[in-house]
Amino acid sequence: MKSHRSVRMSSLSAFAVVAVATTAQAEPKINMMHQWAQGSEAEAIAKLGEMFEAAGGSWEQTAISGHTSDMLAKLSADIVAGNAPPAVQLKGPEIAQWSAVGTMADLDDVAAEEGWDDVVAPELVSVMKPDGNWVAAPMNIHRVNWLYSSKAILDELGLEVPTSWDEFNAACDKIMAAGHTCIAHGAADWSDTTTFDSVVYGMDIDLYRKAFQDGDVEAMRGQGMVDAFAQLRKMVGYMDDGINGRSWEQSMTMTMTGEAAFFLMGDWTVASANLAGFKEGEDYLCNQTPVDWGGTGFILNADSVVFFGQEDPDYVQGQKLLASTIMSPEFQVTFNVAKGSIPSRTDVDLSKGGFTGCQQQGLADLKASAAEDTLVRSMAHNMTVPQKYRGAMMEVITEFVADDSITPEEAAEQLAEAVELQD
Amino acid sequence: MQPLLGARLSRWTPQLVLVPTLAAAFVYVVVFSVWTLWISVSQSTLLPNMAYGGFGEYAALWQSKRWIVSYQNLFLFGALYVLGSLFVGTLLAILIDQRVRFESVWRTIFLYPLAISFIVTGTVWRWIFHPQTGVERALSDMGWLSANVDWITDRDMALYVVVFTGIWHASGFAMALILAGLRSVDGDLIKAAQIDGASMPRIYRCVVLPTIWPIFVAVTVVLLQFAIKTYDLVVALTQGGPGVATTVPAIVVYDLMFERGQIAQGAAAAVMILAALAIVLVPYVVWTSWRDRKQGAAHG
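Quick mapping for you: the protein sequence lines, in order, are chains U and X. For any residue, its number in our numbering is found by taking its place in the first sequence, counting from 1, and adding 464. For any residue, its number in our numbering is found by taking its place in the second sequence, counting from 1, and adding 711.
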């Protein structure tokens, strides 16, 4: 703590000298609003602050712990008060929504100078440029469609990791017959929808794009969605009866300890599992969730920082400096090793700096998927449609998981209706 | 001059002292309610937007399954929670009223749940009810493998788990007030009934409890407003699940306003909660003022 403070003091005093020397120049400063108040994420953000100060900026942060909605409430209050924060952690369609109601900073200069368009994953570029200008900087890429397998159970039954949904069902039948739980799961709207993301995407990628990225209600009513719900129903049968009230960490542990065979979850699992002492390749295997169209699949989720327009030239300078710091390979490595994700720029070498095998596989798959044109953004993790559509869809999906009496046909119809109702 | 001013001042002091309270109450109750009402028919989305947008948000709200389930839950939960707490509270109060030994110890034990926050209550009971951490696990560890206590994961039973937990939390409060009421009953009344040869249960049913009925009304009103604003208990206990089976209106309002950027629809939902509160409280207020007038007339 003490050394931390002295670092900050010395960089501040060094900064003061510079400021005296160049009084006419703006002093870059920033205040970043975010929700990473605890644990490894808070440390990663503290690191961002240190790097920002080392680059000559003056760092302040407003950490709002708890649910994202608490931060959004503070954000709307600030914007209504005409006091938009210079930097906020926001993601996906929220960037476009907020840029429609607020004035955004323009980062095109920095982006052109550092060539962001060439290094950032293509699916992300459109999200960061809702109106054609860079208004946000992506911090990382999470992969949502990971399938974690218990090595112990696969070895015991002599099974391979399934690559298509038919193989998956066949494997589950064997695993259930051997007396194990096949899928570890903790039911909640977001986790049920995370699983369903992988199901729809793996069964029919065009359906995924139409229904979950474009919000096309006719696609939601179609036979493809009915089939996807039928698969989800089957998968609920492969879960145990304790899914309600179980956290995702508890479900993860079930697969890691060989109590359940599979676990479908994003790559934040890697960070938690390794922290808990489980070993990749020994306790668990990581593969992409099954796809029926035989290619590399990648469902993407990304955290980003959005910059609102500022009057104060100090903040304007600070925004450019922060954006540049976030996009620096050094920060991308530090931040993503801690979060289990991969850098948002595809030109970082993951063989150095402590990335795990799963993370390196993630980057390789990201590139392959971009080349095969199979890269999509995650609906479950708020990267595609606005929150009101997403929330309405999640209600239907989580109800379907909880209630056996809803047929797949009814669920597909309810999904379309729930979205139509929002307009 | 001086004494006149002093007299006038002393006459106005009570009113002056009340002004801040009245002003605050006016702003919080009237102004904010009207503001919410207006927001609910405005075009607000992510941010409040005061332009008139019509009643579409109410229509959309009433077509949403989650809202309908939560509104039904409000009435079902409210009724069972209040009646259950009153029943258990009365029972406990009567038992303690039998001049038991260590009375204050029992009173403290039964009153204690009220001192525990809803979040803690919900979390602990979730552990107890969850098949893999609670009673079912304990029974199967003891060898009863077919034990089946999975109400919290059963969508038809989960709401009753919430009701049960709510009753556990509130019945001590009901007990404390009812016990105070029982103690205030004139001993002569009971003696008179005993001389008439009435049994103890009959004395309670026909003499004691009817005498203290205003306490039941007061407890009911307090518990009802707890029921209507229930949020944290459900969030900690079931997260509104399985599916949407145990969602309550306060959760929907919060989600719509702060999660989904639908401030107008969230305000519409809040107005519907206000309507539910009015359904309960308006008859109570009308009845109290009617009673006061009747008493006033009787005394006058």
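Treat each hint with caution, since some may be false.
[What the hints assert, rightly or not] The calculated DSS-like cross-link candidates involving lysine-lysine, where the alpha carbons are at most 27 Å apart (straight line), are: (1) U:674 - U:698; (2) X:940 - U:674; (3) U:511 - U:698; (4) U:743 - U:674; (5) U:555 - U:615; (6) X:940 - U:538; (7) U:698 - X:776.
These are computed hints drawn from the structure, not numbers from a lab. Just so we're clear, the structure is a prediction, and the values are computed from it rather than from any experiment.
Hint check:
For the hint linking residue 674 (chain U) to residue 698 (chain U), the alpha-carbon distance of about 24 Å falls within 27 Å, and the restraint holds. About 40 Å separates the Cα atoms of residue 940 (chain X) and residue 674 (chain U), which puts this hinted pair outside 27 Å; it is violated. For the suggested pair residue 511 (chain U) and residue 698 (chain U), the alpha carbons sit about 45 Å apart, so the restraint of at most 27 Å is broken. At roughly 38 Å between alpha-carbon atoms, residue 743 (chain U) and residue 674 (chain U) are farther apart than 27 Å, so this suggested pair is violated.
Our distance criterion of 27 Å between C-alpha atoms is broken by residue 555 (chain U) and residue 615 (chain U), whose separation comes to about 35 Å. Proposed proximity of residue 940 (chain X) and residue 538 (chain U) is supported: the alpha carbons are some 23 Å apart, at most 27 Å. Annotation: proposed proximity of residue 698 (chain U) to residue 776 (chain X) holds, straight-line Cα distance about 24 Å (limit 27 Å).
Of the numbered hints listed earlier, those contradicted by the structure are 2, 3, 4 and 5.
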